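**Student:** Now that you have both chains on their own, put them together as the hints suggest.
So the sequence lines, in the order shown, correspond to chains F and P. As numbered in the working numbering, residues 1 to 318 make up the first sequence, in order. As numbered in the working numbering, residues 1 to 257 make up the second sequence, in order.
Please keep in mind that the hints were generated in silico from the structure rather than gathered at the bench. Quick caveat: nothing in here was measured; it's all calculated off a predicted structure. Using N, Cα and C, we set each Cβ at its ideal position, and we do this for glycine too. You can take every hint at face value.
For lysine-lysine, the following DSSO-like pairs were computed, each having C-alpha atoms within a straight-line distance of at most 30 Å:
#1 Lys-23/F to Lys-226/F
#2 Lys-23/F to Lys-253/P
#3 Lys-88/P to Lys-64/F
#4 Lys-6/P to Lys-64/F
#5 Lys-64/F to Lys-91/P
#6 Lys-143/F to Lys-253/P
#7 Lys-290/F to Lys-222/F
#8 Lys-23/F to Lys-88/P
#9 Lys-23/F to Lys-64/F
#10 Lys-290/F to Lys-266/F
#11 Lys-91/P to Lys-253/P
#12 Lys-130/F to Lys-88/P
#13 Lys-222/F to Lys-266/F
#14 Lys-6/P to Lys-95/F
#15 Lys-23/F to Lys-91/P
#16 Lys-143/F to Lys-91/P
#17 Lys-130/F to Lys-120/F
#18 Lys-91/P to Lys-120/F
#19 Lys-226/F to Lys-290/F
#20 Lys-120/F to Lys-88/P
#21 Lys-222/F to Lys-23/F
#22 Lys-6/P to Lys-143/F
#23 Lys-120/F to Lys-6/P
#24 Lys-91/P to Lys-95/F
#25 Lys-79/F to Lys-91/P
#26 Lys-6/P to Lys-79/F
#27 Lys-143/F to Lys-88/P
#28 Lys-79/F to Lys-88/P
#29 Lys-6/P to Lys-91/P
#30 Lys-23/F to Lys-79/F
#31 Lys-79/F to Lys-95/F
#32 Lys-253/P to Lys-79/F
#33 Lys-95/F to Lys-88/P
#34 Lys-253/P to Lys-64/F
#35 Lys-91/P to Lys-130/F
Looking from chain F toward chain P, a few residues come up when the C-beta cut is under 7 Å (computed):
#36 Cys-53
#37 Leu-55
#38 Val-56
#39 Arg-57
#40 Ser-75
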Amino acid sequence: MTESALTIRNLRKAYDNGFEALKGIDLDVEQGDFFALLGPNGAGKSTTIGILCSLVRKTGGQVKIFGLDIDSRFSEAKKYIGIVPQEFNFNQFEKIYDILVTQAGYFGIPRRLAEQRAEKYLRLLDLWDKRSTQAMMLSGGMKRRLLIARSLVHEPRLLILDEPTAGVDIELRRSMWHFLREINRQGTTIILTTHYLEEAESLCRNVAIIDRGRIVQNTSIKSLLKTLNREVFIFDTRDAIETLPDLGGLPGHLLDEHSFEVEIQKSDSLNGVFDRLSRQGVEIVSMRNKANRLEELFVSLVRANSDEPAAEENEEVA
Amino acid sequence: MSGTEKWIAFITIIVREVRRFLRIWPQTLLPPAITITLYFVIFGTLIGPRIGPMAGFNYIEFVAPGLIMLSVITNSYGNVVSSFYGAKFGKSVEELLVSPVPNYIILTGFVMGGVARGLGVGVIVTLLSLFFTRLNVEHIVVTCSVVFLTSVLFSLAGFINAVFARSFDDISIIPSFVLTPLTYLGGIFYSIDMLPGLWEGVSRANPILYMINAFRFGVLGVSDIDVGWAFLMIGLFIVGLYAYSMYLLVNSKGLRS
Ligand SMILES: Nc1ncnc2c1ncn2[C@@H]1O[C@H](COP(=O)(O)OP(=O)(O)O)[C@@H](O)[C@H]1O
Ligand SMILES: [Mg+2]
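Excised from the complex, chain P in its bound form (with noise of 0.2 Å):
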């Protein structure tokens, strides 16, 4: 394929990708909407003040960036693997696999069907958290370029669950049991300052806290950690998760028999 017709493949991937979901969007951007809004009601509004600041900030502007972030990893996770499982699922995938798109091509473009979503996302809970509290980023290009890099990273893992997936069930394994679990432990709710020094030591082990703490870094301009060392691991982990999804596509018997 020429540059044009890769260029031309490539959109047309993730112009599918988005008009999917858009189409679902009962399941894919008012859930999100619904549960920040929950968070911030019960967290920002009514318990919040009880908690009192936290690293110089009331509480909800603490949690705000955390809770985008949230919202942002598990809709980028949730739309690759759901789509390209789906796809595989109802053989849809073989339009793309007979087709002379190559694989970078198709990786990358589900990729960025969850970075699409993710972000869009985070666009929609970042408005809805303005009506709770004010949020006024301190470093823009930090900010941007974290929730990017973030979207990226848990889109290609999402894309790496799909192609391991058997059933409908073993898409909502990894999110429940893994995603969920880390991110709360990550630093959402939470400096981990607060906590005993066996269990700071344990959370610096969670690759999510980097992440939250790179993008709260970004907003407020504080940290629990040096975010030179987050954009590093995000990248590494990107670097990491492409070649092996770029490995899957090409030898995945379940994809190609």
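Looking at chain F on its own, in the form it has when it is part of the complex (with noise of 0.2 Å):
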């Protein structure tokens, strides 16, 4: 078996002020996986990710970076990853093309080579006509691409995005998706953070949600959206029942002798349990939603979407 590209294990950190962002976390990442960390705004995730990335240090806890222990071989760690911020942290009087030069020199590639990537990394990204501007001179849109351009001039085997599209308008959305899968595709190991569901559900296989510093839930896609779209409803009955009526192979369980509950698709109708209910006698006086944890997760962070506009730094600048 191939060592994974991220182990984390009890995780924690504490900032100075006393506040505990992370309460002891735990995650996964195998190679070549596409992964989400997803959570709401202040849940903990740009802190794990300035903990891999050596801008935070945590106060408890082991990081490995395909096997490597942050705390004994973090210089070597550091080759292996590539790292989008969540705010624009390049120079901001800097022409883009040093900057991606400069960063790879940083790495340790020599200027040749440097210069190389930092061509093939400008075009891949679209970024090349605008190779002699400063910086500050792009637009919103662009300055994002300048920082995957950035994260990828030493090909990282793998490469953490904070937030990539947050603010970013759909259709620039859209072609980072692309790139993004296209990158993983060819082998390199993704990790982002989102606030957008849709976004880790168009791209990655595995999720982790992270609420309040502590992992709520960490499982495929997949089986995420399952549990999301089950529902479960508790009925109250007028009379006394001794046993669970027969819900025609629903799951489905007694909470007392005047309740019962039962899990439903989201998409299916609930006419079918009423008529079966009726059938067998068992009037029902009240029905509730039972919320759970995750849901109410997810409406917060559905919520939190809606409010947020589309495209807060759209392109300003030709």
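**Tutor:** Okay, structure coming up:
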């Protein structure tokens, strides 16, 4: 078995003000995976990523990158990681070609090769025409692409993107997705953080959901969607019942003598359930949706998404 | 990183630093050239002849080495403090922090950037001074090593200032309130022999005095103080500031939270 691209055990971070941003998280990302770290604002996504690239010091736990423990072999591990931060962090006054060549230099890549890489990735991200432009003159969308190009000049095995499409317009988002899929297909492991469920759904194979510094779910996208498509209802009956009524094969169980719960696919109709219950003489007086933690979280995620303007950093400069 | 990779990273930092101060030359190279020319015109040509000889030299010859050192000191310091603070403020320092470059390479890279500007400006003002006076260097090795080490020292000091700075104001406090006064009182314009006993003693506590005098010794062959002492002191300062800078790079919350 090959070693994981990333292994995190009981990772903790308490910031200086005492705030516990990570309360002991575990994560495994296999090589070649396309992995989403999904969670609302303030969940601890950027803190986790910050620890992976040494900008944030962990206060507990263990992190291994391709088997290299960051406590002892961070310098080696860093060569394998490409990072696309949430906020622009290049020198606004430098030309974008220089930014890429310089970044390659920091990884010890000889000048000639650094120049080839800079050209390759600027072309791939459609920025080659702008190579002599100062970074501050780029539009928001171009700056995002510059971050991606810069993260790739040393050809990392693990690419980590922190909300790469936040505030990016739909068209650019699609083309970035396409690009990332292609990079992943060629063998680069990708981890991205997002608070768009749609993004995780469209791109990723596996997902961890983080909320308030804890991982609340870690599974494949497929089974996550299955979970999300199920709804659990609690039915209250007028008369006491001793056994669970026949639900036509739907999963369910008795809660007490006046209530039971049933699990129903969101796409299924409730009429069938009622018909069946009426036929058995079970009278339902009330019914409620059993809220689960994950559902609540997603409701809040979805709400956060709809509050956000789709393209806050739209192209300003042609 | 292998030795070659570290070397490439080191050169990359220096190239970026040099490119930065060349890009903004009207803020980095031009002001010292104008200032020094004014000094030479005022103290050399206009007032100098009325002051008469100092330590056996024309006044302008006496002040020229100190003025050159003044430029080297302020520019070395100024380069590192503004470049590193700017990188911290604009977050581009993260490009370095996420890369495998070891801390000592980051530090020496920035310091050599400061030295490049300090010495670059030193050469410019030296050439300008030749329009006003002759400079025949007495001890070339002393001259070059003093100017180089002084430049390293103040680049390190600028680095420390930048790590602590939280605003653009913070990067001008030390230059205005510490560096400039110490330099002016460091015997640029006078020989400390001229001071009354108490003030001569106080002046001897000023580290910049040693650097200026050592440099003057290199150029003119005269000094108020022992040049060996000057080297020892500069060396000790460099070691202390280097160690402290490294400590900050590893531990500063301003760089890694
Ligand atoms: N430097 C810091 N000092 C104190 N608290 C911080 C710091 N950075 C982030 N936090 C807090 O940690 C929590 C997680 O932040 P972050 O990891 O940025 O969340 P996310 O990226 O998921 O939106 C938030 O509550 C945030 O306010
Ligand atoms: Mg974040």
